[in-house]
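Participant: In case you want the letters, here they are:
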Amino acid sequence: MKKQIILLGIISLMAWSCSKSDEEFLNRPPTTILTQDQIFKTEDAALSVIGDLYNRYVDFGTIKDWRSLAGFNISYWSRFGDYAQFQNSGWGNGDWGTWNYEYIRELNLTIERIGQATALKDEVKAGFIAEVRFLRASYYFEMVKRMGGVPLILEPLTYDFSGDPSYLQYPRETEAAIYDFVISEAEALKDLLPSNADSKSRATKGAALAMQARAALYAGSIAKYGGTTPTVSLPGGEVGIPAAKANAYYTTALNAAEAIINGEAGAYDLYNKKPDLSENFAALFYDKENPEAIFVEDFKVGGGKTHGFTIENQPRSTAEEQEGGNINPSLQFVQSFELLNGTYAPLAHEVGGDPVYYDQIDDIFDGRDARLAGTVILPGSDFKSKPVDIWAGYILSDNTILTGDQRGLKKDIPGGPLNVQVVGFDGPIAGFEFTAQTGFYIRKHQDPNSGSGRRGTQSDVWFMRYRFGEVLLNAAEAAFELSELGDGAKLPKATTYLNRLRVRAGLTVPLTDVDITFDKIAHERYVELAFEGLHFYDLKRWRIAHIVQDGNPITMGEVTQNIGVATKRETQPYSIWPYKYFNPGNPNDGKYLYKILRLPNITGADRFQFGNYYSEIGQGTLDANPLLVRNPNH
Amino acid sequence: MKYTFYIVICSALLLMTSCSNELDNFDAPSSFLTGSITYNGESINVGRNRVRFELRQPGYALTGAIDVAIAQDGSFSSRLFDGKYKLSFVPNDGPFRTVATDTIYFDLKGNKTMDIEVDPYYMVRNAQITNSGSVINASCSLEKIITGADEKTIESARLFVNRTQFVDDTNEGKAWEATADISNLSAVTASVDISTVDNTPDKPEPDQNYLFARIGVKISGVEDLLYSEVVKINL
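Protein chains in written order, with my numbering: chain A, 129 to 762; chain B, 85 to 319.
Chain B extracted, bound-state conformation:
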């Protein structure tokens, strides 16, 4: 009697463990999708955690998207299962034109590098950021890419300077900022004196001998800024 009891318990346990093994037999996703958002092969710099695109796998019951965030230099990287994917941008997200029906289909089998061409409203060209003493000078030109019905004007441009390599228009992304002169789009200039400018009274001059800077451009009616590349400045 006792033996029968134990045998029943043990076989029940075995049955249970064998079931759970069957259910949880997926390997973790292993393929990388990497690349950049580009215009004519040139990366488009955006704000950190500001712009994303969405991946969907058609054919499954749930339609939720896999968000892929775009880093501030325009690159992205996502670890995924192999399969067929549908890539789309979120309408009005990012400093480029997005069309709701604009969709890219691709197969993922192993690692894949894929640059995504987008239509930016503007491109930042010839960005130069240098310093003389505590004054940081920046200049660039802005090339209008989209013309015609969808063209947009420049609302403002600003120079952002930060202590870390993350530089953008958020509170954490800028320790100093200066509004640029945009009267001539082919010679946009800005400068900021990091020793006297008083816009961040609680952030005194840094105890480090390098800073990071870049120019951010606000396009009218577009929420996300377009940036130049981050430049490291040695003081």
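Just chain A, same shape as in the assembly:
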């Protein structure tokens, strides 16, 4: 008992000693938090806040997540964990949803606090505020694309702890109102932001105009094509834009895009530095001395910001890690690149049922749009100056196939040499991850620098959110739609802008006005902007996603049909595999032939439902704010 009393005494003594200690000890300034005054006292500190807001920019497709660029059956995913994507039948209603009002609040708070700062120069404050407004408009644009109209909150909201939060509940604006906000912010910001074509990763006049053109184009097409899916709309206009507004939106889009094209925002132009047009198109995405980039997310090796796109997608045979080759572009995508004379043609793998034999493995791809080899790593091409090894096996004289289930496996050829390689080190082997299971790898966004495929180094290729090529396409589409809506004088503009891109792609026969159709516009966007995160929104805003992804499997007969048609079914990626012909004495011995197939792992066919056009608003969000209406078909 005595012991206890002594212990109690010691404890109480200690407690007393603590509470009596000096105030200074406890009232030290925190070392992990900067106060508002400290942050907005110097330009550098304020810039770090804005840098954080830039870092939180929301992209649908981003180089940081290869899946986000490669979806909707434009490619097969050569990775064990991802085969299920091709065995299911569609997408969830909540997919692609974004509802980050925390980000909105911090953007609003930053605008307010920069405005209140006393230590910064006025022109510095104005510049910062313009940048944050650009980021805020960008995120509202991202939300309206995915969710339709959302509550438009333009100042930081604060709860007063009265127990009644209803004054913080805002209803959804109409879809048109959010697009109008994005367009009007861009209109205001283009004169507040610097007109500097060399500033790529921060907001500029060019970025504001490019955002305005894209937003107006999207709004215009929803107005024009929304009528084809009347159930994808809400009576309050939170989803759906009246058809009467199409003309005004397309006009805004064309004007904004032409402002960039005419050099009002600085010296932007198509990237055209390399004599080899395919190499040029690939370099467009990794060369940072680049007049085409308008607004990018930049990375720096050694600077603490890198990404693993090249690790995940480098050809497996020459990979710097034991992985790579995740994205395998589909046969449908590859064959959609036109011949140089501007006509569509399937890959000539057989004529009248007989296989075509090629001397070289890549001869089958000869004479196509230069963007094909710039976007896709074809069999017989190379990456980082090392050849890829994509071939599926031998076809023997009796038409049997001799192949292996391991990369570069060696076997004996019956009646031929012993212990020779019977399959490429890049496959294709069905079900073998990281091999080129469709016959192709992706080239776009891949970093040719040594070390880019190593986890210890990674890649700093930037991701272009807006580029001059897309601006040309946006201008062309807006001009075409305006001519469809009655202003026929705009059509030559569409022709001119498309031809600028097509000359860079090496196409020899220029388009004339009669060639410009909706399918032509859609095709040009499909091949030029593939794997840049924009295809999805094209399918949505033209209201053709439910036709293209209709839930039906693709038959062998139809896969090579209707090339260049915007509504061509794209529910499953197909493959085309090169084989070597082994038949000594036959004139075709040693030549290559091709076979089209659907991988056995592809058992599902994607169906895009009406409920997928606009993502579901989470039940928790609806519970918290009874003024919100649900999206259609949910």
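For the record, the hints were derived by calculation from the structure and aren't laboratory data.
Derived lysine to any residue pairs resembling SDA-like cross-links, with alpha carbons at most 20 Å apart:
{"no.": "1", "chain 1": "B", "residue 1": "302", "chain 2": "A", "residue 2": "680"}
{"no.": "2", "chain 1": "A", "residue 1": "618", "chain 2": "A", "residue 2": "638"}
{"no.": "3", "chain 1": "B", "residue 1": "302", "chain 2": "A", "residue 2": "737"}
{"no.": "4", "chain 1": "B", "residue 1": "236", "chain 2": "A", "residue 2": "359"}
{"no.": "5", "chain 1": "B", "residue 1": "170", "chain 2": "A", "residue 2": "754"}
{"no.": "6", "chain 1": "A", "residue 1": "131", "chain 2": "B", "residue 2": "89"}
{"no.": "7", "chain 1": "B", "residue 1": "236", "chain 2": "A", "residue 2": "356"}
{"no.": "8", "chain 1": "B", "residue 1": "302", "chain 2": "A", "residue 2": "355"}
{"no.": "9", "chain 1": "B", "residue 1": "302", "chain 2": "A", "residue 2": "672"}
{"no.": "10", "chain 1": "B", "residue 1": "302", "chain 2": "A", "residue 2": "359"}
{"no.": "11", "chain 1": "B", "residue 1": "170", "chain 2": "A", "residue 2": "751"}
{"no.": "12", "chain 1": "B", "residue 1": "302", "chain 2": "A", "residue 2": "679"}
{"no.": "13", "chain 1": "B", "residue 1": "236", "chain 2": "A", "residue 2": "738"}
{"no.": "14", "chain 1": "B", "residue 1": "302", "chain 2": "A", "residue 2": "674"}
Computed from a predicted structure; not experimentally measured.
Position chain B against the provided structure of chain A, taking the given hints into account.
Facilitator: Using the frame of chain A, we list chain B on its own:
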């Protein structure tokens, strides 16, 4: 001293367990709501997992709905707590007309069977699906129910044949399909030869002597198909 310590610990434990007992004293829901969606008492056949309605219990803080899926023969079954419910369809879901304000209120006390009358755009009548050898023939007539401002046209009709009793337009729901001739809505016909049709090259002729089939009708502007009853065919 030691005893006091143990007594304190034990009583604290007791207190804790008694609390948790108090909190978790709900019985599991025990009442069944069953029935079918009907038109004039006749079940409306829809695709599996394609159509649902929502139940809500007004008066609670959370407004989330209880989804009730409708089976392919139009029936539904849901196990619920007793109470007052509000039933509504999701707008534009299902091959029938839904009005956003169309709401049914009901009390649930014990098991309840309730058929829900809806206004379909069409009804499939006299569906006949038979086979002669490996050829499956189907015929039906389509009766337009909703006329006037809301009336809709038929976009297409297809015959679906599958190995399992789940037959619909999804990839898993059809092993064979054929587009029907809809030039005359009172005599819609379709036929498919399951031994030669090549639309599913990876699904050869089955090693079973029975199949299931039904006709699906796509109404313009309506996402979900309307079906006839599933018929078992003995080969």
